[in-house]
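A.B. asks: All chains should be modelled from the sequences, with the hints used to inform the complete structure.
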Amino acid sequence: MRVRNKIKPEIAEEQCGFVEGKGTTNAIYILRTLIERALEVQKDVYLCFIDYTKAFDRVRHDEIIKQLTQLKIDGKDLRIIKNMYWDQKAAMRVEGEVSKFQNIKRGVRQGCVLSPDLFSLYSEIIMRNLEGHPGIKIGGNNINNLRYADDTVLIAENEKDLQQLLDIVKEESEKKGLELNRKKTEVMVVSRKQELPIINIYIKGTRLKQKDQFKYLGSLISSDGRNNSEVASRIAQAKTNFQKMKTVLTNKNISIRTRRRALEYYIEPILMYGCEAWTISKQTQRKLEATEMWFLRRMLRISWTAKKTNDTVLEEAHTTRLLISKIRKRQAIFFGHVMQREKLENLVTTGMLEGKRSRGKQREKLIEGLTDWLKAGKSLEAIEATKDRKKWRTMIANAVKQGT
Numbered sequence: 001m002r003v004r005n006k007i008k009p010e011i012a013e014e015q016c017g018f019v020e021g022k023g024t025t026n027a028i029y030i031l032r033t034l035i036e037r038a039l040e041v042q043k044d045v046y047l048c049f050i051d052y053t054k055a056f057d058r059v060r061h062d063e064i065i066k067q068l069t070q071l072k073i074d075g076k077d078l079r080i081i082k083n084m085y086w087d088q089k090a091a092m093r094v095e096g097e098v099s100k101f102q103n104i105k106r107g108v109r110q111g112c113v114l115s116p117d118l119f120s121l122y123s124e125i126i127m128r129n130l131e132g133h134p135g136i137k138i139g140g141n142n143i144n145n146l147r148y149a150d151d152t153v154l155i156a157e158n159e160k161d162l163q164q165l166l167d168i169v170k171e172e173s174e175k176k177g178l179e180l181n182r183k184k185t186e187v188m189v190v191s192r193k194q195e196l197p198i199i200n201i202y203i204k205g206t207r208l209k210q211k212d213q214f215k216y217l218g219s220l221i222s223s224d225g226r227n228n229s230e231v232a233s234r235i236a237q238a239k240t241n242f243q244k245m246k247t248v249l250t251n252k253n254i255s256i257r258t259r260r261r262a263l264e265y266y267i268e269p270i271l272m273y274g275c276e277a278w279t280i281s282k283q284t285q286r287k288l289e290a291t292e293m294w295f296l297r298r299m300l301r302i303s304w305t306a307k308k309t310n311d312t313v314l315e316e317a318h319t320t321r322l323l324i325s326k327i328r329k330r331q332a333i334f335f336g337h338v339m340q341r342e343k344l345e346n347l348v349t350t351g352m353l354e355g356k357r358s359r360g361k362q363r364e365k366l367i368e369g370l371t372d373w374l375k376a377g378k379s380l381e382a383i384e385a386t387k388d389r390k391k392w393r394t395m396i397a398n399a400v401k402q403g404t
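Going letter by letter, the sequence shown gives residues 1 to 404 in the working numbering.
It is worth saying that the hints were derived from the structure and are not from the lab. From a predicted model like this one, the values you see are computed outputs, not experimental measurements. Every residue gets a Cβ at the ideal spot worked out from N, C-alpha and C, and that includes glycine. Do not rely on the hints blindly, as some may be mistaken.
[Stated by the list, open to error] Now the in silico label distances, taken between C-beta atoms and shown as ranges: (1) Arg363 to Gly21: 24 to 32 Å; (2) Thr350 to Val113: 32 to 40 Å; (3) His133 to Ile198: 17 to 25 Å; (4) Lys356 to Thr250: 48 to 56 Å; (5) Asn83 to Lys356: 58 to 66 Å.
C.D. replies: Given below as structure tokens:
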């Protein structure tokens, strides 16, 4: 704990992995919201999703000790860590034959509670070299990277800046013994333009693949900035897992109440993963409601030829439409949580971006849909309401009671 308390202040806001109170949801929310806000003022977003080759296995022990020494870690703690990593040897046994012992000078220990903190510190030294280089300016701050452990995305407003960021990360990573995987590191341009810009980003002469979609921390990011493909992917995954549990979920010897509970615990989390960052359009809402009915009809073994209305199905299942309210509730709880802290999530939600909105109807934003569901008036009023935790909880409870 003493070592962790020393390392914690060194870790930047852009790191969401191995950080207390943060998770993949935070990273997904930050990236999606930043994209949404940038597109609103007609800015394209240039992304590079970095893949390291065996990052945790390439951490150099001498560099770890050097960084811990600079942090003035207590002498006893430093000696313990040195003893854990210094003079390690390993050999391989194959069919009874043992190889020569070799010194191990790289890699953090698997299963060690300290390893995540040591890796975070190690990667932080690399990423600090990006400070001051162009990214996306929002609320007077510059965001040019986002991280979850070794999953790193570089963020820029144009091709030149993105290449510069990548060159810096490549060079500094190599100094620390880390290698970028040229085959798996990919780029994307998120834009509202009908014709997507083609970019040429290189690592050591190898042009990186440009993707229209990229699965970032399990959430599908699309080049149009919408989450339609992500929702469709979540629905497909949920249906696949429903079929795997079909023998339980469609078993009429088990009460429908128990089966609905199984659906809630085993299937809905797959469907709703990352939903805290979804913008739910009317079309998306219809798809989600149709999926909810798809589950119930199969749980009740109602044939597709049977002409039963959705109301009848809900009555037989002893339930009402709940899915949209569950998603909105998760969004509201998460939103209230991040708005009560002066963190990166707050910045990308409320910070000002330079630029002009396009003419005509604007895309619906997450906060607008959430505000409508809460009946909170305008978006700014909803943001203000999060400051009063009790009031915010009451608003959520009232919205859940009223349904979708």
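A.B. asks: Each hint should be assessed against the structure and marked as holding or not.
C.D. replies: Taking the hints in turn, this is what the structure says about them:
1. Arg363 to Gly21: 24 to 32 Å: Roughly 30 Å apart at Cβ, these two residues keep to the hinted range, so it holds.
2. Thr350 to Val113: 32 to 40 Å: holds (35 Å)
3. His133 to Ile198: 17 to 25 Å: holds (23 Å)
4. Lys356 to Thr250: 48 to 56 Å: About 54 Å separates the Cβ atoms of Lys356 and Thr250, which means 48 to 56 Å holds.
5. Asn83 to Lys356: 58 to 66 Å: holds (60 Å)
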